[in-house]
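A.B. asks: So the sequences go chain by chain: G and P. Residue 62 in this note's numbering sits at position 62 of the first sequence, and the numbers go up by one each step. Convert by adding 298 to the 1-based position in the second sequence; the result is the number in this note's numbering.
Worth flagging that the hints you see were computed from the coordinates, not collected in a lab. Fair warning: there could be bad hints in the mix.
Sample of chain G residues lacking proximity to chain P, with all beta carbon distances greater than 10 angstroms (derived) [claimed, not checked]:
| hint | residue |
| --- | --- |
| 1 | 72 |
| 2 | 128 |
| 3 | 135 |
| 4 | 140 |
| 5 | 264 |
Output of the computed footprint for chain G on chain P, the stretches with three or more beta carbons under 8 angstroms from beta carbons of chain G [unchecked claim]:
| hint | segment |
| --- | --- |
| 6 | 515–521 |
| 7 | 530–537 |
| 8 | 601–613 |
| 9 | 663–675 |
Here are the computed lysine to aspartate or glutamate pairs in the EDC-like style, where the Cα-Cα straight-line distance is at most 16 angstroms [to be verified]:
| hint | chain 1 | residue 1 | chain 2 | residue 2 |
| --- | --- | --- | --- | --- |
| 10 | P | 546 | G | 131 |
| 11 | P | 479 | P | 659 |
| 12 | P | 479 | P | 615 |
| 13 | P | 546 | P | 348 |
| 14 | P | 570 | P | 401 |
| 15 | P | 558 | G | 131 |
| 16 | P | 723 | P | 571 |
| 17 | P | 385 | P | 659 |
| 18 | P | 558 | G | 40 |
For each residue, glycine too, the CB sits at the ideal point set by N, CA and C.
Next come the chains, spelled out residue by residue.
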Amino acid sequence: MQASRWNMRTATRAIQDPRHYQIATLSLLLAYGLLFLDFDMDAARATLILATALSTQALCSRISGLPRFDPKSAFISGLSLCLLLRTNSPEIALAAAAAAVASKFIFRWHGKHIFNPTNFGLVVAIGLTGEAWVSPGQWGSAAFFAFLMACIGGLVIRRAARSDVTYAFVSAYVAILAARALWLGDPIWIPVHQLQNGAFLLFAFFMISDPKTTPDSRPGRILFAILVALGAGFVQFGLFRTNGLLWSLALFALGVPLIDRILPGGRYHWNRTGFSPRPLNDGASNEKEFGHRKPLPV
Amino acid sequence: MKKSLVIASLFLFSLLPARAADAFCGFYVAKADTTLFNKASQVVLVRHDDKTVLTMASDFKGDPKEFAIVVPVPTFIEREQIHVADKALIDHLDAYSSPRLVEYYDENPCQRMVREELAFKSAAPTGAMDAARDNRSLGVTVEAEYTVGEYDIVILSAKQSDGLETWLKTNGYRIPDGASKVLRSYIRQGMRFFVAKVNLEEQTKLGFSYLRPLQVAYETPKFMLPIRLGTVNADGPQEMFVYALTQKGRVETTNYRTVKLPTGMDIPAFVKEEFGDFYKAMFTEQVRREDMRSVFLEYAWDMGWCDPCVADPLSRDELQQLGVFWLDEGQGIRAPMPGGGAQDVFVTRLHVRYDGAHFPEDLVFQETSDRENFQGRYVLRHAWTGGESCPAAEEYRAGLPGRRDTEAETLASITGWRLPDIREKMNISAPKPVPYGKKWWERIWAE
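The shape of chain G in the complex, shown without the other chains:
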């Protein structure tokens, strides 16, 4: 009886934990990319990145005295890096994966980490080494639409779990692209084409939505999402540089403590354990339900 209740609880938790769904989606996408999309990545490199992310998580958990090693977040970070990070050097891949996961433990503010780990890993690898890059064009339209469906599916499954950031960001970014097209008199196909980008989806649904790095309050998160979209648009269309989304997120992540001060909201607590099936009504605190000791970061 006891056992079956425990099993039920575990099963419910497994379904409720959006990270399982994320891991499944990203793994499938990576497999598809490796097999059919000619990704500049092979199984050995992917293994290296994943192993590094997981061992960094294990090491940092031990150093910071966390009672439990939870591989899921680090695994998601690793998968995202496999999908986005390109470099000829295994050392850089390794360093990026380690930096990504370690950043969660190093750059902290009031119990939250500042940077989304994948974002941090990418920005550090691209900005500091100059030997890494992201290939935003490497997604076929078939992969894009399949991934889009999966992302939307993920939102449905997660219900409200901080999806407001994703909604706000996607709306703002679409609005920027559409406004630009309108102003230039460009056909609708141009912004549509600009949105058909797997890296954009990965960013909107897995990176910026990271509950541990977004502001606590809903207005704060919406403001944050709009700022990131504006920043990305500026990098892309004002500075004419690539990876606008990544630079913008890294920059505005630094402003999250300020946003939290101006627009305070319910703090996100990691140290609560156990699953309580309360309705998910508050985007600021709903990850508590899953009882993670770790963030939900990518």
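Once you've looked at the hints, dock chain P against the given chain G.
C.D. replies: Using the frame of chain G, we list chain P on its own:
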């Protein structure tokens, strides 16, 4: 044909003056017996630290006075920023980076002896370009007028697309329907327009019978090629080769997929006689598979060497003429040296077939730090035909039919050619009843 007086070459917008009676149907290439891509243009993009040197060549065969181009450029262009290049530079670059056919002869399996021979054919078209005349304005500012080599060049800026359209029309150009919107988009993006025509007098003086490539140097963070004007009212898809010369590594498009062409496979020996057709069919097949939405990588190599070499790497002087500005005095480019180390110039050859429906946006590029070499390389492996007999030779002969079959299948798969036709050309019998054809139980009690 008379109707389509405006033929868009690539990202360039080739405008024919309205007075032109007969026009051309596109750009043709015939190298040796290899007729390849029509309506093709070649562009060399030298880029480092936002400094860009663009060399444009298209194979225009018509009357020079009927040719004009309009190229959106991101900045104002001074006289010294424009140059006319030697067409041989691009031909050399083309030859150096062409997909290549490699020929091997199987050794006598009874003795170990190697013979190797290379056969190459150049695959890309070659090009030249044309230009025309200009003048007065209405809302259009003629920012500068230059005569450079055989070209008369005007740099225009405009506030309104109608103004620009009117200016172009008054000056004898015929603008295709729909160009106005695209012009407006470029105007709003703050682009200037580089309009070039041929100055017949200068051309006669200089004595060139063909149009030499035009070069423009400018500094801008925009790493892109404007292709949209060229797709307005275009008569079918167009072909473009982009050679990027950079310092760090391979160049790729950020807003379209960049796909490596199939490479390195063994194909039947008869392809030697029709390598051009093979390459064309293969490219078409790959374009079809990618739904014409991808840019193809044909070559990515350190300019210091090649292996095998279709043509020698470009000399330091040639690179400099193409606009490579970062080579230090005395550093030079090494002679071709298989296995040679990293050089300061990395060449990326991209090939794209595009039209407005599949390529709505201009091509945007990024330079990656990828220095991994890539080449389109196809292998002919001639069977050993000696009569010696030894166990190894028997085994070798037994393996030949299977090998030929695989070659035929590979060829069919990458070109979309029909397998029976390939087999016929290879003189091999139709699919032999291999054991797989039999039911499994037939194989148990066979014989």
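A.B. asks: If a hint holds in the structure, say so; if it does not, say that too.
C.D. replies: So, going through the hints one by one against the coordinates:
For residue 72 of chain G, the shortest C-beta to C-beta distance to chain P comes to about 31 angstroms, beyond the 10 angstroms cut-off, and the non-interface label holds. Every C-beta of chain P lies more than 10 angstroms from that of residue 128 of chain G, the closest at about 13 angstroms, which supports listing it as non-interface. The claim that residue 135 of chain G is not at the interface with chain P is violated, since a C-beta of that chain comes within 10 angstroms of its own (minimum 6 angstroms). Consistency note on residue 140 of chain G: stated as away from chain P, yet its beta-carbon is not over 10 angstroms from all of that chain's, at 6 angstroms minimum.
With 10 angstroms as the threshold on Cβ separation, the claim that residue 264 of chain G sits away from chain P holds: the shortest Cβ distance comes to roughly 39 angstroms. Counting residues of the segment 515–521 of chain P whose beta-carbon sits less than 8 angstroms from any beta-carbon of chain G gives 4, enough to reach three: the coverage restraint holds. Here the segment 530–537 of chain P counts 0 residues with a CB under 8 angstroms from a CB of chain G, which misses the bar of 3, and the coverage is violated. With a cut-off of 8 angstroms between beta carbons, the segment 601–613 of chain P has 0 residues touching chain G; three or more are needed, and the interface restraint is violated.
A stretch counts as covered by a chain when three or more of its residues have a beta carbon under 8 angstroms from one of that chain; for the segment 663–675 of chain P and chain G the count is 6, and the coverage holds. Distance restraint check for residue 546 of chain P and residue 131 of chain G: the Cα-Cα separation of roughly 9 angstroms lies within the 16 angstroms cut-off, and the hinted pair is therefore satisfied. Only pairs whose Cα atoms come within 16 angstroms are accepted, and residue 479 of chain P paired with residue 659 of chain P is accepted, the gap being roughly 13 angstroms. Annotation: proposed proximity of residue 479 of chain P to residue 615 of chain P is violated, straight-line Cα distance about 42 angstroms (limit 16 angstroms).
For the proposed pair residue 546 of chain P and residue 348 of chain P, the alpha carbon gap of about 13 angstroms is at most 16 angstroms, so the pair holds. Between residue 570 of chain P and residue 401 of chain P the alpha-carbon distance is near 9 angstroms, which keeps this suggested pair within the 16 angstroms criterion. Proposed proximity of residue 558 of chain P and residue 131 of chain G is contradicted: the alpha carbons are some 21 angstroms apart, above 16 angstroms. For the given pair, residue 723 of chain P sits about 11 angstroms from residue 571 of chain P by alpha-carbon distance, which is consistent with the 16 angstroms threshold.
For the proposed pair residue 385 of chain P and residue 659 of chain P, the alpha carbon gap of about 29 angstroms is over 16 angstroms, so the pair is violated. Of the supplied pair hints, the one linking residue 558 of chain P and residue 40 of chain G holds, its CA atoms being roughly 10 angstroms apart against a limit of 16 angstroms.
Hints 3, 4, 7, 8, 12, 15 and 17, counting from the list given before, are not met by this structure.
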